[in-house]
Amino acid sequence: MGARSCKRREYTYKGTRGGTEAGWVKVGECAGERVLLSRLRLFLSPGYPYEEILRTFHNQTSIIMCSYLPIFTSFNRTKGGLIQLNHGRPQPLQYVVNAAFLATLYGDYLEAADTPGWYCGPNFYSTKVLREFAKTQIDYILGKNPRKMSYIVGFGSHYPRHAHHRGASIPRNKIKYNCKGGWKWRDRTKPNPNTLVGAMVAGPDKHDGFHDVRTNYNYTEPTLAGNAGLVAALVALSGDGTTGIDKNTIFSAVPPMFPTPPPPPAPWKP
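For the sequence shown, counting from 1, position 107 maps to 107 in full-length UniProt numbering; every step adds exactly one.
Think of the hints as simulated: they come from the structure by calculation, not from any bench. On a predicted model such as this, the values are computed, not experimentally measured, just so you know. Note that beta-carbon positions come from the ideal geometry of N, C-alpha and C, so glycine has one too.
Below are the BS3-like pairs computed for lysine-lysine, each with C-alpha atoms no more than 25 angstroms apart in a straight line:
id, residue 1, residue 2
1, K135, K148
2, K128, K247
3, K174, K184
4, K79, K135
5, K128, K79
6, K79, K206
7, K206, K144
8, K144, K128
9, K176, K190
10, K144, K79
Pair by pair, the computed Cβ-Cβ distance ranges are:
id, residue 1, residue 2, range
11, K190, G88, 29 to 39 angstroms
12, P49, D139, 36 to 46 angstroms
13, K176, R55, 51 to 61 angstroms
14, S238, G88, 22 to 32 angstroms
15, P70, N173, 41 to 51 angstroms
16, G182, A228, 20 to 30 angstroms
17, R172, G47, 55 to 65 angstroms
18, P46, P70, 28 to 38 angstroms
19, K148, G239, 21 to 31 angstroms
20, R172, R147, 22 to 32 angstroms
Go ahead and model the full structure; you've got the sequences and the hints to work with.
Spelled out as C-alpha cells, the structure:
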C-alpha cells in the first residue's frame with residue numbers, strides 16, 4: 001500500500017466514529033484502505049493470524065458506512081441534501097464523490113459475499129441504502145439541488161462557465177503566455193473560452209450557495225481527486241448491482257498467506 005500507509009493505518013486504528021477520514025481524500029486513503037481490507041476478509045477469509053486485524057478494519061468500514069446514512073448525525077447536510085464530509089469547509093464535492101464510490105462498492109462487495117446488509121449498532125440496514133445514499137449525492141451534483149445547477153462542466157444547460165483552470169481560461173490564439181501573463185485571463189469576468197467538458201468544480205458552500213467566479217477557487221476549481229472519484233462513482237452506479245464482482249484478480253499478486261508446507265519425508269529405509 002506504499003510507505004506512507006503506515007501513518008495512515010495508525011490513524012485508522014484511532015478513529016472509529018466517522019470524521020473527516022470517512023471522505024477518503026485529503027487525509028489519505030484511510031477509508032479506501034478499510035474497504036479494500038474488508039474485501040480481502042469477505043472474499044479470501046485468510047483466517048489466523050490475520051483474522052483479528054482484518055475484522056477490526058471490517059468493523060471500522062461498517063462504522064464509516066453508518067456515518068453516511070442520514071438517520072445518524074455524524075455529518076451535517078445542506079438543506080438541499082449534500083453531505084458535509086469536510087464539516088462545512090470549502091470544496092466539498094471531492095469528498096462526496098469518493099464517499100459515493102466507496103459506499104456503492106462496499107454494498108456490491110457485501111452482495112457478492114451473499115450478505116444482504118450490515119449492522120449499525122443494533123439495527124440492520126440493507127445494502128440498498130448505500131446505493132441510495134450514493135445516488136442522492138450524485139444526483140445533487142448533476143443538478144438536483146436548490147440552484148438547479150450541474151457542477152459538471154458541460155453537463156446540462158446550467159453549469160459553471162468560469163472554471164478555475166488555466167487551459168480553460170486562456171484562449172487558443174497561438175500566443176504563449178508565461179505564468180504571470182496568464183493572470184489577466186484568470187481575472188477577467190467573461191466565461192471561459194474553452195469548455196472543460198466533464199470537469200467537476202469544487203462545489204457549493206454549506207448553504208447550497210455557489211459563486212461562478214474564476215478567481216474564487218473554493219467554488220470553481222476542478223481537481224484530480226474530485227474527478228477520479230466522480231468517474232469511479234458514476235461507473236459504480238451505472239450497473240444495477242447484479243453484474244457480479246471479480247473476487248480474485250485484484251489479489252492475484254498477493255503471495256500465499258500461509259507458510260509453504262514442508263516437503264514430505266524421505267522414503268523410509270531399514
